[in-house]
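Participant: These are the residues of each chain, in order.
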Amino acid sequence: DTGVSQNPRHKITKRGQNVTFRCDPISEHNRLYWYRQTLGQGPEFLTYFQNEAQLEKSRLLSDRFSAERPKGSFSTLEIQRTEQGDSAMYLCASSARSSGTNEQFFGPGTRLTVL
Amino acid sequence: AQTVTQSQPEMSVQEAETVTLSCTYDTSESDYYLFWYKQPPSRQMILVIRQEAYKQQNATENRFSVNFQKAAKSFSLKISDSQLGDAAMYFCAYRPGGGTGNQFYFGTGTSLTVIP
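Protein chains in written order, with this note's numbering: chain R, 1 to 115; chain W, 1 to 116.
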């Protein structure tokens, strides 16, 4: 059983650098979500894809953030010119359109530390 | 705007005892879904239980059950016969129904400690 996978699991970078994270959803899931989770908080929604189309973006997603899902399978989240405030856990989740409750299955996350 | 509130940052329970985690939410929608997710330390979030708002019957999954009070906008999680493996952060989540319900709204979580 292959669940949602994310790479890398940890990333340490210096302020001003660009970083890219990858998410591989469950293979038959056509919906993919990115969340950000900071210490002591619940996940906050960033963006949502249905197949390759990015249908929703949160106001949290500044111009320095960009997400893609080019073939409707894996997705990447890029942060340009990282800032210390970007330090967080970035979670990816996927769901199947056929699921009535739209239950989301989460990956292990990528922990970003910006020095 | 939808908000989810978990008023208990930390809870503890003796092994084999029962504990209830609280969650309230604010919405003007009538169609929505509620979830409890568990996040063990350094591990990914997994779904514990779900509830459709149109269902009056409270959801149950083995030792986990909910008390869904729609009018009060309350959705508490009861864990019976607590086990050491239940120790984790628990998040309550809300998802709007209908065609626009895509993102989840999460509470700030409750950290559950199980005492042997």
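Hint data in this document are derived by calculation from the structure and do not stem from the laboratory. From the three backbone atoms N, C-alpha and C, an ideal C-beta is built for every residue, glycine too. Heads up, a few of these hints could be off.
[Unchecked claim] Estimated spans, in silico, between C-beta atoms of each pair: (1) R/Asn30 - W/Pro9: 47 to 53 Å; (2) R/Asn30 - W/Lys55: 23 to 29 Å; (3) R/Phe74 - W/Pro116: 38 to 44 Å; (4) W/Asp31 - R/Ser5: 28 to 34 Å; (5) W/Glu10 - R/Ser62: 40 to 46 Å; (6) W/Thr18 - R/Pro70: 46 to 52 Å; (7) R/Gly16 - W/Lys55: 17 to 23 Å.
Participant: Starting from the hint list further up, note which numbers the structure goes against and sort them upward.
Facilitator: 1, 5 and 7
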